[in-house]
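So the protein sequences, as listed, match chains Y and C.
Read in order, the letters of the first sequence correspond to residues 20 to 242 in the numbering used here.
Read in order, the letters of the second sequence correspond to residues 284 to 366 in the numbering used here.
Honestly, the hints are just simulated from the structure, not real lab data.
Nothing here was measured: the structure is a model prediction, and the numbers come from that model.
The calculated lysine-lysine pairs, modelled on BS3-like cross-linking and capped at a C-alpha distance of 27 Å, are:
no. : chain 1 : residue 1 : chain 2 : residue 2
1   : C       : Lys324    : Y       : Lys159
2   : Y       : Lys92     : C       : Lys344
3   : C       : Lys303    : Y       : Lys127
4   : Y       : Lys93     : Y       : Lys21
5   : C       : Lys303    : Y       : Lys159
6   : Y       : Lys93     : C       : Lys344
7   : Y       : Lys127    : C       : Lys294
8   : C       : Lys324    : Y       : Lys127
9   : C       : Lys294    : Y       : Lys159
Single-letter residue listing:
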Amino acid sequence: MKIGVVTFPGSLDDADARRAAAVAGAEPVALWHADADLHGVDAVVLPGGFSYGDYLRAGAISRFAPVMETIIKKAGEGLPVLGICNGFQVLCESHLLPGALIKNHHRKFLCKDQPLRIENNRTAWTSDYDANHEITIVLKNQDGSYVADEATLDRLEGEGRVVARYLGENPNGSYRDIAGISNERGNVVGLMPHPEHCVETLTGPTTDGLGFFTSVLKAVVAS
Amino acid sequence: MARVVVDVMLKPEILDPQGKAVHGAFGRLGFDGVADVRQGKRFEITLDGEATEERVAEIRKAADTLLANPVIEDYTLHVEDAQ
Numbered sequence: 020m021k022i023g024v025v026t027f028p029g030s031l032d033d034a035d036a037r038r039a040a041a042v043a044g045a046e047p048v049a050l051w052h053a054d055a056d057l058h059g060v061d062a063v064v065l066p067g068g069f070s071y072g073d074y075l076r077a078g079a080i081s082r083f084a085p086v087m088e089t090i091i092k093k094a095g096e097g098l099p100v101l102g103i104c105n106g107f108q109v110l111c112e113s114h115l116l117p118g119a120l121i122k123n124h125h126r127k128f129l130c131k132d133q134p135l136r137i138e139n140n141r142t143a144w145t146s147d148y149d150a151n152h153e154i155t156i157v158l159k160n161q162d163g164s165y166v167a168d169e170a171t172l173d174r175l176e177g178e179g180r181v182v183a184r185y186l187g188e189n190p191n192g193s194y195r196d197i198a199g200i201s202n203e204r205g206n207v208v209g210l211m212p213h214p215e216h217c218v219e220t221l222t223g224p225t226t227d228g229l230g231f232f233t234s235v236l237k238a239v240v241a242s
Numbered sequence: 284m285a286r287v288v289v290d291v292m293l294k295p296e297i298l299d300p301q302g303k304a305v306h307g308a309f310g311r312l313g314f315d316g317v318a319d320v321r322q323g324k325r326f327e328i329t330l331d332g333e334a335t336e337e338r339v340a341e342i343r344k345a346a347d348t349l350l351a352n353p354v355i356e357d358y359t360l361h362v363e364d365a366q
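All chains should be built: construct the whole structure from the sequences, respecting the hints.
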């Protein structure tokens, strides 16, 4: 079972995502933005960072990288894809997920341990969590405020596609406290907080993030 | 040579934290009577030759796919004569 992690110019968390994949028991594979070949991986992580310096809009230029053409096509065929932070922004810019991420409403970069509720444990990336499982993982971002029009938000809620929601005070102005969403099929998930930083107690506040990576292992084996 | 100008603005219903920060600075500097500030982006695209209908249509396509995100932004486009 291979989990590919894409490195864009300006990715920061690609090494941690590969490490998390290994801790979960998968073989991590480094993918390069300019290489359209996915090298036979069974799932893909788009990591956090500031790809292309967040120029134009966060994720706007990465979305046109050669590797993204293949990922967009394969995601449509069911390939599990997790976009974390900047990766979530890339997924929205790619229209694999609805809505967009804009600057935090308080305009400051944020870095904290953030409690969340996993509201949908039927996606490829969350099946190892219990329904309404409360977890604490790292949240660190500049453009973390999830926005979409009312009709889109209602549809996401109605279809159970809000994967994770912030608990306590809203940290970044995200509409309806949304921390993560999925596509209709549940193979593509975007998440603003960082599960890959929370797989070992030496460096993270918890190991609550590991479930994202163990979930996709099971999803791939089951398919 | 002709120039195509694309102005991109966040949709009115989307919060603009940068505009809010600028608005705050207006107040601190004593520029009174300002109700609101919204910040946008301006792209000046210089063409190799004339701004034919076909080429402007191409730039419009670029604005739709790259320069603006229609989920959160609106844009206007106009052609200018470059000096």
